[in-house]
Amino acid sequence: MQFLTAWLEKYFLPIASKLGGQKHLVALRDAFIGTLPATMAGSVAVMINALIRDLPPQFIDGYDGNTIPVIKEIITVNGYVWNGTLAIAGLIFVFSWGYNIARAYGVNELSGGIVSTAATIAGITFSFTGGITGLNLDQATVDAINEAGWSATATDITAAGYGWLPLSNLDANLFFTAMIIGFVATMIFVKLMLKDLTIKLPESVPPAVSKAFASIIPATVALYVIAIFYFVFSKIVPDMTFLDWLQKTIALPLLGLSQGFGAVILVALFVQLFWFFGIHGPNVLAPILEGVFGVAQLENVRLFHQGGAELVIAEGYHWVRGSFDAYAWYGGSGGTIVLIIALLIFSRRKDYRTVANLSVGPGVFNINEPIMFGLPIVLNPIMFIPFLLAPVVSVSIGYFATILGLVAPVSVAVAWVTPPFLLSFLATGADWRAPIVTLVAMLVSFAIWIPFVIAANKMDPALGEETEHDDQKYAN
Amino acid sequence: MIEISSAVQQDKIIELLNNYSEEGTQFSFKDKKGINLYFETNANDLEKAAKLAKSAIKNQPWGSVLYFRSSPAK
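Residue numbers (this note's numbering), protein chains in the order written: chain A, 1 to 476; chain B, 1001 to 1074.
If you're looking for bench data, these hints aren't it; they were derived computationally from the structure.
The C-beta atom is built at its ideal place from N, Cα and C for all residues, glycine as well.
There could be a bad hint or two in this list.
Among the chain B residues that face chain A by a calculated CB cut under 7 Å, a handful are [claimed, not checked]:
| id | residue |
| --- | --- |
| 1 | Ile1014 |
| 2 | Phe1029 |
| 3 | Pro1061 |
Facing chain B, from chain A, some residues (calculated, C-beta under 10 Å) [to be verified]:
| id | residue |
| --- | --- |
| 4 | Leu13 |
| 5 | Lys18 |
| 6 | Thr220 |
| 7 | Val221 |
| 8 | Phe277 |
| 9 | His280 |
| 10 | Gly281 |
| 11 | Ile288 |
| 12 | Leu289 |
| 13 | Phe365 |
| 14 | Glu369 |
| 15 | Pro376 |
| 16 | Val378 |
| 17 | Ile385 |
Modelling step: build the complete structure from the supplied sequences, incorporating the hints.
Encoded structure:
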């Protein structure tokens, strides 16, 4: 084990450190994390509506929350919260993205956020057109429609308008465009700021004013570069905005790839491997976990808000960021709450039982540092196989249960500290079958852990007495 | 005494904390047991000292990806 650790430190950790410390990837991770206040507030609204509007009809015939006093008002209030949060999640992200890139380079963060937002929104169409054909309208109706500003004939109506930002361009659909356009625009801004291509005002001018003025030239150049790009793009691809094109050619295929069983298992396996060797897996893999599975989750949340679990099942993604938490990471990464239970039942080692007792409380809220380092699991050879295998099997159970339609896909973001069964119940929009799937995954994990816990009993005849041998065994 | 539990980069953690002297807090490496490193500190508030140590490690280019624990030694 010592050789492996030394090898990791020499060859792997420098790469992981570079990846984990790469300022753009850190900024991307922080940009996603930065949107949490909004995305969690929006998820709370969706969750409450799921509980008072969507869940009761499954058990009570004729229940309609939208017609019940107080309930319908709460549903309306939740709608407002949704409008300001998840409905515009992409817009919130794009600001956070620019802000964090600028912060990584130590230039005006606020301007960075503004440039990123402005550049990305610049490519969204503000007008709409739509039509109906095959009608049979009388002349008075045709005249009335034409007078209202739309265009009508006896058989067709063509509606057009300007001054609209399509909501479908501001939600999760915006993320990939934001990641590219927001990045390029903010980087142009940052580089020009660092080259000091700025307007300088006398020192007597208040800092807020001089900082804003200093950003004018870099921001203007960045926005013009992006605007010219949009212009050229519109000439090459006249029927699509850049956002629509990117969604169609890159984002949707990439999200589709993430839904394969192999991709899901690979991510689960790597997270476990990283944890085992003392590396923060989700931090290193944040670009995939948040940038791909997180975006898929936001799309599911949108669909759930729009049409409930049925729409998510029909059009949404089966496996998203929260699916890992719901079906594999109960008690923390590795599903360690199951290990704690196994230790309390089967372990005869005093030290293991003491750690397990101390780990129950935090474990209920998915905090597993006490058991990860107390047992320890990290670098403990006997824990290697179950720590990797149990979550992979749990992910498989959750994945196939979802694919086979035995449980609704995860479509609500739930705080990771929510206790296991409640977490999967809420995350699936109050699907009562989700905690059962979690329970099945837990039971299978439990069976995987048991032989290793019993083997650990046999490994130490002193049963937990602190000895020099104990100290050495983890180091070797 | 504070305890740092880290599977990797132990030598760098020891070097970093032995040379640490911010906010009047200093650490001195005392012992190593498996993945646990023990440091004496002149700080009276061990919780705060553990947080300072954690922050110092996290701020290193090699520390941002580490999964480790920093706490008062039991």
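Right, here's what the structure says about each hint:
no., hint, verdict
1, Ile1014, "13 Å, violated"
2, Phe1029, "16 Å, violated"
3, Pro1061, "5 Å, holds"
4, Leu13, "6 Å, holds"
5, Lys18, "8 Å, holds"
6, Thr220, "34 Å, violated"
7, Val221, "31 Å, violated"
8, Phe277, "6 Å, holds"
9, His280, "4 Å, holds"
10, Gly281, "8 Å, holds"
11, Ile288, "15 Å, violated"
12, Leu289, "14 Å, violated"
13, Phe365, "17 Å, violated"
14, Glu369, "5 Å, holds"
15, Pro376, "6 Å, holds"
16, Val378, "5 Å, holds"
17, Ile385, "17 Å, violated"
Violation of the numbered hints given earlier is confined to hints 1, 2, 6, 7, 11, 12, 13, 17; the remaining hints are satisfied by the structure.
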